[in-house]
Amino acid sequence: MSQAMSEATGTIYTETVIYSATEAFAADVPYQTAIVSLDSGGRVTGRIINEPGERVRINDRVARVEFRDGVPFFRKIA
Amino acid sequence: MRPVSVIGIGKTPFGAFPGRDLRSLAVEAGEKCLRNGHTVPAQIEAFFLGNFAGPSFTGQNHLAPYVSTALGIQGVPATRVEAACASSGSAFFHAFTGVASGVYDIVLVVGAEKMTSQPTPKVTEILAGAGDCAGEIKAGSTFASLFAMIARRHMYQFGTTREHLAAVAVKNHANGALNPDAQMRKAIAMEQAMNGKPIADPLNLYDCSLISDGAAAVLLAPTERAGEFTDKPVRVLGIAQASDFVALDQKPDITTFPAVRRASANAYRMAGVGPADIQLAELHDCFTIAEIVAIEDLGFAARGEGGPFTLEGHTARTGDKPINTSGGLKSKGHPVGATGVAQICDLVLQMRCEAGDRQVPRHSLALAQNLGGSGATCVVTILGAV
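Protein chains in written order, with the working numbering: chain A, 1 to 78; chain B, 1 to 386.
Some hints could be false.
Partial pick of chain B residues on the chain A-facing surface, computed with a CB cut under 7 Å [unchecked claim]: (1) Pro41; (2) Pro121; (3) Glu136; (4) Gly140; (5) Ser145; (6) Ala148; (7) Met149; (8) Gln157; (9) Asn195; (10) Ala200; (11) Asp201; (12) Phe245; (13) Asp249; (14) Pro252.
It is worth saying that the hints were derived from the structure and are not from the lab.
By construction, the Cβ of each residue, glycine as well, lies at the ideal position given by its N, Cα and C atoms.
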């Protein structure tokens, strides 16, 4: 696995689905956030992009698919 | 270092008070405290104000002299202390160090917050300022969501259940129903606590503390002079403050708070007691999971056993380790900057046998734990009836 790839993948350490948010995120509810243990080391708090009706759980594998305004967005991988 | 005692307490009720501003609440608590400690403003040698976000909630800054002069306290050092939800616990700690070191004799500490002037999304945003705004908060975290992630991990590692969380809420509401100064004097049923409106999964509305206005005050003096002011002084036997990362994702293990462990270890050592000796406690139940983690970090139960310990009734008012007989932040209310000092006031009431319907029979050694943010600040205080 390349360095770039390993930096962008990780495992869900913990997660939540948020139903009550600040005004800045009110349009997004419900949305999932998680702390991801990165394969490259360290942890980061990011957003999860889910298919409708899906969510990630602890130990699920995720890959970072994009940054939006510096915030990493992850998606579940097999 | 010389012994220090609490010689007076004063509190406003906690609640939503549309006609009251921050200063009037702080002044009410301060005046009640001075009367309770048979002290006049001219005797106060230093003033500390615990307040988290007065400038954000109300627009007013420079709050310590703003409040102290309204109390008639002139000329002496007046200092605001900010440490998120541990602001007034920290103010109390710093007041203690001032008296213990001999710099001051008589010190007044007030904790105050005015929150209900803002709508809930704005309150959520202001509270989020106690987190890492460049990381977790920017990603959309709220404080409820940070504690939800702690709860989720605690459930995964230890088998903690929704029922365990709900048991904290049911117990604290049962206590708060007996507290005339509590914001929500209403017992709730287990089924209700299990099925509240979702806030941040797995936490629902009944897992979250309240948005409140309120203030609390305590008066400190060297123990050798306490008898001049009261016949019911309460000794500060041990006290410590500790710190840790602000961002939750920097903690190696989010199911335990190192700042709580460090502060409590130091406070226990200073007091010469251990967790088994503590007869009652006020813990920082900003969310139900926070009380469960605190029970474990303070050594009242083993790691992972905080939930079962609660469900088994140990922490009930009638249990062997009563916790949050005031109703806790959950039912009494959580005017953030007032909470740490309010915990001290509630314990002193118990230790003086003035707690009314919620009075517990064993009350000579008590502990308060005040947490800031998701564990970045903790103040632990151990009080002894003289």
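- Violations among the numbered hints, reported as their numbers in ascending order: Hint check: 1, 8, 9, 12 and 14 fail, others pass.
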